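Asker: As you go down the protein sequences, you meet chains A and V in turn. Residue numbers for the first sequence follow my numbering, so the first one is 128 and each next one is one higher. Residue numbers for the second sequence follow my numbering, so the first one is 112 and each next one is one higher.
These aren't lab readings, by the way, just hints derived from the structure by calculation. None of the values given here were measured: they were computed from a predicted structure. All C-beta atoms, glycine included, are put in the ideal place defined by N, C-alpha and C.
Part of the chain A face toward chain V, derived, beta carbon under 7 Å:
1) Gly240
2) Ser386
3) Val387
Selected chain V positions facing chain A (Cβ under 8 Å, derived; list incomplete):
4) Leu113
5) Tyr115
6) Cys125
7) Ala135
8) Ile221
9) Met229
10) Ile236
11) Tyr239
12) Trp268
13) Ser381
Derived coverage of chain V by chain A (criterion: at least 3 residues anywhere in the stretch with Cβ under 8 Å from a Cβ of chain A; other residues may be distant):
14) 192-199
15) 206-212
16) 329-337
17) 351-363
18) 367-375
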Amino acid sequence: MDHSSLAGRIFRGVALALVLVFFMFPIVWILMMSFQTNEQILRIPPHILFEPTLSNYQALISGQLRTTAGNLEIPFMRNLMNSFVLSSAAVLLALLLGVPAAYAFARFKFRLGESIAFTLLSFRFAPPLLVLLPLSLYYQQLGLSDTYFGIVWVYQLIALPLILWIVRGYFEDISPDIEHAYRLAGHSWREAFTRIAVPLAGPGIAAAGLLSFIFCWNNFVFALILASADKQPVTVGALAFVTASGIQYGQIAAAIVLSVTPTLLLALYAQRYLVEGLSLGAVKG
Amino acid sequence: MLPYLLSLPALLVCIAILVPFVTAAVYSLQRYRLNLPYLRGFIGVDNYIDFLSDPAFWNTLRISLVYTALTVVLELLLGLGIALLLRRPTRFHNAVSIVLLLPLMTAPAIAALMWKLMTNPSFGILSYLVSLLGVHDFKWASDPSSALFTVVLVDVWVYTPFIMILLLAGLRSLPRQPFEAAALDGVPASFVFFRITLPMLAPYIITASLFRLLDSIQQFDIIYAMTQGGPGDRLMVFQVQAYLEFFQYTNVGRSAALLMILWLITNILSNIFIKNWLRLRARAHGHG
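In isolation and in its complexed conformation, chain A is listed as follows (with noise of 0.2 Å):
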């Protein structure tokens, strides 16, 4: 392609433009409408420039949402909380099972590794409900249908093939050699995996952390199928919102700005391996 001839360069400046107004706009617009009271956001045409309120995140926050109905309940808070629970706990629950065992995988070729990496590959792939459906049955016999647990286990679904499959690559860029001379040294195996190998595939372990809670924390169906009103995370939470209340369309703003102000900061802190896990690795160039 041509860099250097203007008509080339005005067209690629303005095809850059719109990309960024289309993929940004909804973000910038969601938020300007968070700080705006419902008469404001009603107003047709719509203004660019208002008088900035904190009122919506008020009502959230004290969880009490005042209309002319009368007092309504919001526990949106209460699911903000739920989805920092539900997804720190699956991530540290999936890195003490899926480290070992992407260790394992990465420095032992043996048959039943490749057949356990391949069957959380292919689940991943797999129609989520296939696997949630009869699961709700089997948790409402087992008592696990409203507990924290029961949505921290299935959350294992999401959060330990990535960790398996990204941290295994990384294990399997460090040579074997630095851990045979320290063994040799007189180390058991154990001091080996935690001393050497784990810190040297640090960066893998918390980029597939990351990516674990951003996604554990961006699922939806799970929690709708598993969840009960009070074991909600943010995603299902927002749209109960949203029937709830129908038209605190300001509130209903400020609710989605909380939800994804989390994950798109640690998106941002984390970008530079985002390329990686999303692909689980496919592309490591």
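Given chain A, put chain V in place with the hints provided.
Answerer: Same frame as chain A, but now just chain V:
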């Protein structure tokens, strides 16, 4: 012994996934309705055979395939275009590619709510903008004729960055030599694109599209949050239909059979994907 011990926890998780999966397969062969438990019993493949003569099933299959084809093709074209625009690794281009990740990192269910606010008929900014263009009363997701367009738009907004980021990584890892040689020889840009860039990028394009294909045919979040499969049965894709069969009509057997068919489709697709993925991975390791 050690490797087995280390992978034991992961194995347990596998089993915990396989049990409900096998259960679903068994349910799909049963007459099983939650509201009529005494009628429960094996009926062989009757659930599947019933689908053949059921217009609702063919509607689901058709909508799912159309949705998948539209989203994958649009996202691929747009993603490739953006990746080409951002190809040179300047500081500005890198900043743009990072900012474009944000829609991808937004929960799809929440993204649907964002677009729902923007397409609200009474105050939505997009409804206002199309009215400026002379299109009044455009109903977006609540009108059968524009519902598909609207959810496809949201899907494109969320997932185009995925294709873009993969293809950008691919583009930037291509060897420079063929391009430099072509520039020296004064080969026209279109020839370079179709005969050099595109073939060399093909493995990345295949990987990215298969990934999207698998996710798209199973789309649930965006459609459920936006319209719950409506208006009517206009957006009744596989997983939304299966969800409603289960929770609204309490027909576990039928719901399971529907999901088994979806699983069969995705399994064929994911096998192609995994083979291709392994080839790429082997190649990457061969070089590094």
